[in-house]
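Now for the letters of each chain:
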Amino acid sequence: MAIEAHNAWSAGVLTRVPNWIYQSPDVYAAEQKNIFQGSAWTFLCLEIDIPNRGDYRTASLGDMPVIVVREDETTIRAFENRCAHRGALLAFDDGGTVEDFTCVYHNWRYDFCGNLKSIAFRNGIQGKGGMPKDFDIGERGPRKLRTESICGFVFGTLAKDAPPLREFLGEEIVSLIARVCRAPMEIIGRFKQTLPNNWKLFMENTRDSYHASLLHVFFTTFRLNRLSQRGGLVVGESGAHTVSWSALDKVPSTSAEYNSEQLRADKKDFLLKDPSLIESFDEFGDGVTLQVISMFPGCAFAQVQNTIAVRRIVPKGIDQTEVYWTYLGFKDDTRERRRIRLKQSNLIGPAGLVSMEDGIIGNFVQRGIAAAGAFDTIVEMGGDAVETTDTRASEASIRGFWKAYRQYMGM
Amino acid sequence: MQRSIDLAEVVKLNHGYARSIDEDALETWPDFFAEDCLYRITTADNYARGYEAGLMYADTRAMLEDRVKSLRIANVYERHRYRHILGMPAVSEASGADICSETSFVVIRIMRDGTLTVFATGKYVDRMRQDESGRLVFSERIVVCDNSNVDALLAIPL
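If you read the protein sequences in the order shown, they are chains A and F.
Take the first sequence: its position 66, counting from 1, is numbered 66 in this note's numbering, and each next residue is one higher.
So this note's numbering is basically just the index in the second sequence, starting at one, shifted up by 411.
So that you can see chain F by itself, here it is in the shape it has in the complex (with noise of 0.2 Å):
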């Protein structure tokens, strides 16, 4: 991979990631992800301390599919959406074939009645790799939140 381009492709693949999740395509989210993938989604607390357990742990992106399939015809909630806004990826040193980032994050809900609350504040601690067609997709990402509380339940992915 040429390191010149990484960062315009690892903003190019953030974007794209919340853009499917914002715009309701939640079908194609979990196209960002390799096939052997971990998705967790935790809080900076359990990040530091090493606590394994995430409130959404996905390790193969077929898990990440069946959640989201799960939210179509399972689960219930009421109605919402989310807007991300995010920060600009700070790309470090690459290991292996991975390029490692970290990526600020701000999520609002946006409640069927118009409600916004700040739902979620928090870094990406990513890892990215080519797949076979070269394109970027996350190998590995972890949603580490500031906020430790959930308000009322976390039905859509961060």
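So here's chain A without its partners, still in its complex pose (with noise of 0.2 Å):
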């Protein structure tokens, strides 16, 4: 294979990542192949984005369209987006309610399961044409996935020997999810985002817990961080899917500690005119003010302050990444605490005052590393170690993720 022909990355190395992983064709056919329509399971979307029998959602296991839609009330299904007569996909908008699934192209009609049901002149007209007598879809048909759900996120995998969701997840991470998803949820918001960079760039970002508070300078920029923050990372033994967390120690605001610091910072000119966009209530009750899990292969949900978002990463080619957000809010949320959350809004997302970096600095990398695909990235605080630490000085969940993607690409 091509990826042989570029220089060597040893065996078991995690400290360094060659260039040439972000800019070959060889390498995203190789993803393709061994991770999306692979042995992962891909976030596909959420139960509450179909609520009743019939309501569909598209989606994709990395290039692979993807038909993901509800047949009763707890049965969800996926199958691949491709007419198995002439390959058009059966479903082309970003969702609805259908009874069945019908190629606009032929009329080749196609229950929730992906099953061929029926075909237009199937014996032909007037006793002319039509299919032969023998003809038999076989395995021609659109793939089906198995389809299994944590906590309402439907995940999707073509492999019948994939291990089942809450094993390839783990009980740590299902539990951090678990975390969140404290009540009935509902969508407050959908957007979408194209980076031009590599969609390993955005994961390895997702995971980053080093670069936070040196790209991303609004909260030191205006004094936000005032209280003692503890934190750390959260890395499962395979690596593959990790948590970025921190935490406010609880200081009572009457102490004589906390409005020393308050007056220092209010003779700063860098204060926010309106501090109502940071006030936020601690509705998990652990003083945890941001918890973001990272899945592999391309899946982030993260809780900021009281801002809940899920992203869907999708790889568009070697230099190009899609990210599809759904905001979230609390089916039980008051007026004032929705009102709270809509403004926090404004910290994350593609236009977020904290985090509007992470959309162009995986391109940043992109064009720096142009012409030098022989040579490799850092990935070394920390040491070389893929475990649970106590710090966010540490890269280890980075390291996670390469072992994790060494082992599907059998790299």
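Hints were generated in silico from the structure; no laboratory data involved.
Where is the CB? At the ideal position from N, CA and C, for every residue including glycine.
Please note that a few of the clues may not be correct.
[Unchecked claim] Calculated cross-link-like contacts (lysine-lysine; reagent style PhoX-like; alpha-carbon spacing at most 20 Å):
hint : chain 1 : residue 1 : chain 2 : residue 2
1    : F       : 534       : A       : 192
2    : A       : 33        : A       : 316
3    : A       : 33        : A       : 403
4    : A       : 273       : F       : 480
[Said to hold, decoys possible] Chain F residues, not near chain A, derived (Cβ > 10 Å throughout):
hint : residue
5    : 419
6    : 436
7    : 437
8    : 438
9    : 501
10   : 508
11   : 515
12   : 519
13   : 532
14   : 536
15   : 542
16   : 550
17   : 555
Two chains, two separate frames, one set of hints: put the complex together.
This is the structure:
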């Protein structure tokens, strides 16, 4: 395979990443086969995206277009969005509600499982034409995915031998997803962002706790990190899924320490004129103000203060990535709590005051390494381990990504 | 308010607003809003569904000032500017003291290297009123983008 023509990436090395990994069309093709259409579970949509029978959303496994549809109260199906006949899309909108999936080209009709149910003019017209009597669709139909849900997040995989979703994610990740999904949720916005860089650069970025306060200086500029903060990384053994978190140690607002801090801060020019932007409430009862769960290969679920958003990350060629954002609130939000959530949505997303830089930093790398395919990048903060740590000055979670990646890719 | 002068006033407000952004006079941009205002950037799909979240969301003028300050001193992005092309405002029935209008826009993004992109098109859905000095200001400006996609990032307001 052409990948071997590149400079070697020594087996097991996770502290160096060769730049050709972000540049090679061969690598891209291998990722599609081994990861996205391989044995990884890919996040497809939320159960609340498709609440009723016949509701569907279009999603993808990497390049493969996929339909996710609710069959009944407890069953969600997913299959390749491709007619067996001439290959046309069976659904060509973001979503909707249907009785079945009928290809617009020649009216071949499929049920919610992706089974071919009927062929227009199968027996011809007035005894002429039609399909041969012995026509059998066999294995040529749209490929069917296995689907499983955790906390209302629907995942799919083509692999019959993939472990159950719960096992794929691990109990710790599942419990941290469940921590946020404490009550029925509702969608409060959907946005899409196109990043001019390889998908892996974005997935590394979602795990990179080291850059957080260095690239993103909104909080420090406006002196919003007054209280002592603790935080760390949760990295499972496979490295595939990681969590970056931070929490404010509760300091009573009447304490002398707090007040003296505030006095000092008040003398600075750089204060928010309207600090209601960062007013928040501890809705999870644990003081955790940031929890970013990054799931291999392409999903991130983040709580930043009272903003809650899930991102579905889709590679679109070696130097383009699509990010589908769904902003969430709780159904039982009071008007006041919802208002706080809406105001805080300023902090995240494509225009996020805290993190807009993530929209372009991958592109700066992609451009920076343009002529450096034979060079490596360095991922050595915190040593070479892939482990849970109580510091965010570590790149253990990025090494975790590469550990899982190399395993799926057989590299 | 004299209804007969509405259109000219509304056009003037819209063009002043666009110029403050296009001429990089962002510090004057919040002045086009009432003190308690709503500024929200969303997409046509979100708007139609009644989804309330915004790419930007401010319910006070001070929040707009904070965003400008953040853009100037905290946020990192490649140098670029916008060119707004505005349609003629369609002024509709006023309710209470407010005037309502919708105005189409095209925003072309000019990158540092001169690359031009149609960055956003859509409509401004506005409510306006006179401030204490009699000047027309936005009490509400919902930026409803036709494009559901943001290319890279959205730093400068639309």
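#### Entry: Non-interface claim for residue 536/F, where every Cβ of chain A lies beyond 10 Å
holds (16 Å)
### residue 534/F paired with residue 192/A [C-alpha distance capped at 20 Å]
holds (19 Å)
### 10 Å cut-off, C-beta based - residue 501/F kept clear of every residue in chain A
holds (26 Å)
### Query
Was residue 519/F rightly flagged as not at the interface, with every chain A Cβ beyond 10 Å?
Consistent with the label, residue 519/F stays out of reach of chain A, its closest Cβ about 17 Å off (over 10 Å).
### Beyond 10 Å from each Cβ of chain A, as asserted for residue 419/F
holds (32 Å)
### Assertion that residue 515/F lies outside the chain A interface [Cβ separation over 10 Å]
Residue 515/F is indeed farther than 10 Å from all Cβ atoms of chain A, at 21 Å.
### Query
Taking C-beta pairs only, is residue 550/F more than 10 Å away from all of chain A?
holds (17 Å)
### Query
Within a Cα-Cα threshold of 20 Å, do residue 33/A and residue 316/A meet the stated pairing?
holds (14 Å)
### Task
Verify that the Cβ of residue 542/F lies farther than 10 Å from every Cβ atom of chain A, and report whether the claim holds or is violated.
Label holds. Min Cβ-Cβ 18 Å, cutoff 10 Å.
### Task
Compute the least Cβ-Cβ separation between residue 532/F and chain A, then decide whether it is above 10 Å.
holds (15 Å)
### Task
Decide if the proposed pair is consistent with the structure: residue 33/A and residue 403/A, CA atoms, cutoff 20 Å inclusive.
holds (18 Å)
#### Entry: Assertion that residue 555/F lies outside the chain A interface [Cβ separation over 10 Å]
holds (13 Å)
Of the numbered hints stated above, none is contradicted by the structure.
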